[in-house]
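K.L.:
Given next are the chains, with one letter for each unit.
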Amino acid sequence: MRRIAPAFWLILFLSIPLWLRDPYFLHVLIVTGIFIIAAMSLNLLLGYTGQLSLGHVAFFGIGAYASSLTTIGFDIDVLGLVRIVHKPWPALAGLIVATALAGMCGYLIGTLSFKIRGAYFIIVTLSFAEVTRLVALNWVELTQGPMAINNIPPFTVGLPGLGYIALWNKAYYYYLVLLVAIAAYVLIARLVGSRIGRAMVALKENEPLALSVGIDVTRYLVLGAVVSAALAGAAGSLYAHYIKVIDPDIFQFMYTVTMIIMVITGGKGTLSGPIVGGLIFGFLPVAVRSFASPEAQWIIYGLLMIMIIFVLPQGIVPALSQWMESRSSASRTSAWAAAAGPAVSRTGSEREHGERQ
Amino acid sequence: MSTANGSKPVLTLEHVSVSFGGLRAIADVSFSIHDGEIVGLIGPNGAGKTTAFNLITGFLRPSEGRILYREVDLNRRKPHEIAALGLVRTFQRTSVFANRTVFANALTGLHRQGRSRLWDTILALPRESAAEKELAAQAWEILRMVGLDARAADSAGSLPYGEQRLMGVALALAAKPTMLLLDEPVSGMNPSETARFMQLIKAIQAQGITILLVEHDMRMVMGVSDRVVVLNHGQVIAEGPPASIQQNAEVVRAYLGRRGTRAGDS
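The listed protein sequences derive, respectively, from chains A and B.
Position in the first sequence (from 1) plus 21 gives the number in the numbering used here.
Position in the second sequence (from 1) plus 1396 gives the number in the numbering used here.
There could be a bad hint or two in this list.
[What the hints assert, rightly or not] Below, simulated DSSO-like cross-link-like pairs (lysine-lysine); rule was C-alpha separation at most 30 Å, straight line:
#	chain 1	residue 1	chain 2	residue 2
1	B	K1474	B	K1572
2	B	K1572	B	K1529
3	B	K1572	A	K136
4	A	K108	A	K265
5	A	K136	B	K1474
6	B	K1404	B	K1598
[As the list claims (entries may be wrong)] Some chain B residues judged to face chain A by a derived CB distance under 10 Å, without partners named:
#	residue
7	T1486
8	V1492
9	H1507
10	G1510
11	D1516
12	I1518
13	P1522
14	A1533
15	L1567
Hints are computed from structural coordinates only; laboratory data are not their basis.
Here the structure is a predicted model, which means the values were calculated and not measured.
Don't be surprised by glycine CBs; every beta carbon is placed ideally from N, CA and C.
With the hints as constraints, model all of the structure from the sequences given.
P.N.:
The following block contains the structure:
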């Protein structure tokens, strides 16, 4: 069961474009997938090191802008001293630049906040997101400010003999998002399943104890911040090249909140939590939009999240795995009783038999 | 078993003081611990025992004086760096990674023994699984030593109190100390658990680990220590083998007040 489950999910997700004919659903799935990658990255910090990044959208937005500008190119004067001209690069280079730049910002935030935890970490990340939003809004020469960056080119895939293929097609784009999501999942799974992950959880659970056994917790907090930010940056890049238009609204606080809702309801500190939470809150707008106005939608999300947290405080995935464990252990005991039952009665009858003799 | 006399000191406190606001929690304290011995640090409540532990392990910084461990000045070193020097502590209140299994706790304690690098982990290289296997073997060894191997799959927070204390010691041992600081290890243990714990301390000493012990259970301290240091009001008031400490008039006065001379008779 445990062995075949990943293969089952993989085949299911791989086959979706083959049987899902509605392009709108595929579109929702792509955007949801991008946000799931961002939520997985947030989960690495929140679920494993225990630090809440309330400005996670900053890394997402930095990735989106970095990727767009790398792909489109720019021509700016820095303080009237240096003129920087950048010629357009392919979108794949944009993805790499976005990942690297966001990762560097994660390093900066992680190092700046090396001594602070909890509420202070939240404030630093929140302020960082606001600063990046203001930069995107006001550095018009580079970012077009509120006029937005338009016509962001799609990803192209170079095939030997066939030249370059642009991923305009939604199904191709879906596979690209799936590929990045699987890579992110595997990366996070390997990190948290290792000595590095144990050090991160040690920081979350009991920092003085972690220090006392010689774990340099700051180092692992910074490492977590770098990987988390880099993955969020990659998600931002995927978003920019898919939506093709980005403006400073990408730094909206609501996006961070969406990621947090996905992680918390799905189950923070579990690998599949952000995926489950992400699918629920990715498709909820589709289900709700037919009968509720956008303002009412947010209220419905909030209510649903409160309900889920109220009933399953740890999130959906931990609750499910606990339920399955208790069921399997219950069936094991009943199986044991069934196996032991005849044996017990047999010894009983043997004894009776012996006594009669 | 090596004794205090003859061997050189490994841990030395030289005129160490620390104040919190106006309160001098530790005032001009000097003592040293020799290689391989078990030293009991005792004193009435508020005498500064746990503060001394926090100073030695870098959780607090002395305002005056200095602390040397094997000729290394510990001043301005962070707790994890001091642990890396081989000076590892346990905590007074139960301190385990409560939501993780006993086995995962032991593995976490073994952190510094890990050899795998970031790229080994990300690329799942064979070196990574070899390193993990090696750590798992060490974890089993430590759990067997403290007698928690049967509990490996239970979550550490679900253990009874006495076993959580053992878990704390196992975590400290996993960090491969050369000197172990135990802060009230047997508080809350019943007599048979305490007796078993005293054997464990002797077994740890037999591995060449020096031990500094804060404890209120006098029978335990006097039974296990090679030497005892007595603190009162942040100062060392007596130092010596258990038998002489039990006879020391000032120690008896510190514990029982001025009229407590009767206890000294026994």
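K.L.:
Output the indices of the hints that this structure fails to meet, ascending.
P.N.:
Hints 13 and 14 not satisfied by this model.
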